[in-house]
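Work out the full structure: start from the sequences and follow the hints.
Those protein sequences? They're chains A, B, C, D, E and F, same order as listed. Numbering follows our numbering, in which position 118 of the first sequence is assigned residue number 118; successive positions increment by one, without gaps. Numbering follows our numbering, in which position 27 of the second sequence is assigned residue number 27; successive positions increment by one, without gaps. Numbering follows our numbering, in which position 53 of the third sequence is assigned residue number 53; successive positions increment by one, without gaps. Numbering follows our numbering, in which position 92 of the fourth sequence is assigned residue number 92; successive positions increment by one, without gaps. Numbering follows our numbering, in which position 97 of the fifth sequence is assigned residue number 97; successive positions increment by one, without gaps. Numbering follows our numbering, in which position 63 of the sixth sequence is assigned residue number 63; successive positions increment by one, without gaps.
It is possible that some hints are incorrect.
Identical copies carry no separate label here, and so any pair may be met within one copy or between two of them.
Said to hold, decoys possible - In silico EDC-like pairs for lysine to aspartate or glutamate, Cα to Cα no more than 20 Å straight-line:
| no. | residue 1 | residue 2 |
| --- | --- | --- |
| 1 | K34 | E87 |
| 2 | K34 | E115 |
| 3 | K34 | E86 |
| 4 | K34 | E81 |
| 5 | K34 | E13 |
| 6 | K34 | E80 |
Hints are computed from structural coordinates only; laboratory data are not their basis. For clarity, every value in this text was computed on a predicted model and none was experimentally measured.
Number of protein chains: 6
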Amino acid sequence: MGDSELFDLSVDEWQAQREAFNEKVLGIAGLEIKRFFSLDGQCYREGALSARTKEMLGLVASLVLRCDDCILYHTIRCKEEGLTTEEFQEACAVGLVVGGSIVIPHLRRAAARWEELRQKQ
Amino acid sequence: MGDSELFDLSVDEWQAQREAFNEKVLGIAGLEIKRFFSLDGQCYREGALSARTKEMLGLVASLVLRCDDCILYHTIRCKEEGLTTEEFQEACAVGLVVGGSIVIPHLRRAAARWEELRQKQ
Amino acid sequence: MGDSELFDLSVDEWQAQREAFNEKVLGIAGLEIKRFFSLDGQCYREGALSARTKEMLGLVASLVLRCDDCILYHTIRCKEEGLTTEEFQEACAVGLVVGGSIVIPHLRRAAARWEELRQKQ
Amino acid sequence: MGDSELFDLSVDEWQAQREAFNEKVLGIAGLEIKRFFSLDGQCYREGALSARTKEMLGLVASLVLRCDDCILYHTIRCKEEGLTTEEFQEACAVGLVVGGSIVIPHLRRAAARWEELRQKQ
Amino acid sequence: MGDSELFDLSVDEWQAQREAFNEKVLGIAGLEIKRFFSLDGQCYREGALSARTKEMLGLVASLVLRCDDCILYHTIRCKEEGLTTEEFQEACAVGLVVGGSIVIPHLRRAAARWEELRQKQ
Amino acid sequence: MGDSELFDLSVDEWQAQREAFNEKVLGIAGLEIKRFFSLDGQCYREGALSARTKEMLGLVASLVLRCDDCILYHTIRCKEEGLTTEEFQEACAVGLVVGGSIVIPHLRRAAARWEELRQKQ
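Here you go:
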């Protein structure tokens with residue numbers, strides 16, 4: 001099975017779809033949901049901890065909670081923050097050991113996305 | 001990306017698929033599984049609490065446990081019970097705050113399905 | 001085993017302890033944590049849905065996620081909002097069927113706390 | 001720290017407390033909760049699979065979902081069904097690898113309870 | 001809706017995809033991830049408990065944690081170990097009762113895959 | 001309610017209890033459990049990522065999975081690695097936003113333990 005068949009959407013298509021979905025949420029959202037979205041962006045901003053460290057925290061949290069969309073989002077952000085492959089896989093190892101073998105299917109997809117992001121450069 | 005590309009299946013197609021899958025379960029199910037399915041239907045029936053309230057309970061439970069099939073099922077049922085968009089999004093806000101940002105990808109799909117259901121009318 | 005041995009803390013003692021713990025969080029909290037706490041209060045306020053309904057949503061979300069502190073908090077609030085025992089147990093039944101037998105130990109404690117709250121009146 | 005300080009309750013005291021709590025649930029339970037409790041007992045009965053095998057299934061499910069009360073209940077039942085220590089720890093190993101290091105605190109308590117049960121004989 | 005539309009991939013295609021994904025993980029994996037993968041294989045090997053029993057443990061753990069890839073993997077292995085349909089559905093019943101109705105969408109797919117595996121023989 | 005009543009065990013007593021429990025696990029553990037424990041230690045060692053960063057990853061993973069023992073262990077380790085209060089609370093904020101209000105009871109205890117650790121110095 002070739003690499004091209006591993007995902008239905010490329011990273012770029014996934015991001016466009018994510019935007020389209022976000023518009024749906026904002027189309028019905030009241031104040032609480034809007035404030036949550038704002039807070040969600042805020043907590044990854046540079047502070048006492050770097051944005052780079054916070055994205056790794058988001059990645060590992062998403063891995064152990066096993067949410068592919070969240071894992072992909074933070075994988076993209078980790079790449080943008082300049083993580084090396086070695087750093088990325090060490091963060092993933094913590095997520096795997098904490099979360100167990102049930103994380104493996106998500107780790108597979110994260111690793112394949114990481115390669116896709118490296119080849120895009 | 002157009003709305004038509006947001007889901008592989010329309011709500012109607014999803015319901016047909018759900019029926020086909022249910023037949024597979026019933027094809028192998030013993031007494032315990034059959035009793036569970038019966039109990040699952042029973043607990044949403046009008047009682048001291050209205051079916052409307054119970055469907056909202058099912059929706060929020062499904063949101064925080066992050067199961068798209070369950071969320072869609074209760075979203076359809078909430079629409080049938082006559083929830084307004086304002087009521088639907090307030091129930092979703094409780095699920096989002098309790099369950100955290102890991103719920104967001106599911107909330108996106110729930111919001112898009114809600115719009116699909118409104119346009120069907 | 002008598003009822004008095006079922007819990008280490010009475011509801012009143014638990015609430016005092018909760019306050020003491022909250023002060024610890026606020027003692028270290030930055031803007032994001034403070035905003036989250038504010039949002040957490042906000043999403044249960046009367047709106048298109050009643051505070052009563054929202055507390056039931058919080059209760060069932062807490063049951064299926066199996067957090068005793070959260071369950072007790074919403075059990076107290078459901079009592080304050082005037083739920084009858086029949087309504088309370090129907091909400092619990094939805095949580096039990098959605099979340100499965102793993103919810104039972106939490107349901108046991110919720111039922112015992114409900115009785116404690118009824119006897120306090 | 002001596003063994004006597006590892007748990008607040010002995011296995012026998014825990015079982016008495018469990019009974020007291022169950023009475024609280026049954027005191028408020030409607031038909032759905034009662035049917036769930038009946039179904040919960042039923043699914044571990046000897047059938048195509050032995051009660052012994054089913055108790056191991058319940059143990060591992062409880063380990064990966066990380067519920068101490070459920071783990072202790074199935075640990076007691078596994079001992080009653082005659083599991084050897086070697087069999088018990090192999091079932092636990094599956095739960096640990098599937099569920100990850102987050103299972104370890106529960107595994108610690110399960111191992112200590114297993115020893116308590118062996119010494120009771 | 002015909003059976004052919006229930007899944008995007010046949011069991012054989014899914015296994016080929018799984019292999020392709022595993023190569024992606026191994027392409028970036030350090031020592032910890034490699035050791036975890038080795039341990040994951042090891043804990044299902046024949047020991048004091050049979051491989052057959054261990055695969056059922058893996059199946060039920062995967063059901064209650066609600067991971068389709070893991071459920072399918074252990075469903076295939078249970079079939080290879082010679083489980084009867086009656087045994088398979090009794091193991092599933094334990095998973096359903098422990099994990100609740102949130103497990104049902106996964107149980108549907110497991111039942112459909114079981115039938116697919118039976119027809120392959 | 002005074003601080004002295006917030007926890008049954010001090011951090012030092014908790015660590016002694018943890019050791020006593022670990023001996024129980026090792027008393028029954030076969031090769032797989034022993035290898036898992038070894039791997040668990042290994043994945044937090046200094047590598048491409050610092051031990052400091054890895055402990056924060058472990059902390060946030062434990063927060064979103066809501067395990068008090070794991071949170072306390074990584075809180076102690078974060079203190080040993082020299083995290084400032086500002087850094088600790090920013091890591092907690094990511095865990096809170098990802099995991100939702102269901103994390104709050106655990107965050108309360110983590111904040112109280114952090115203060116206990118600061119006063120021990």
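Hints broken by the structure, by number, lowest first?
-> 4, 5, 6
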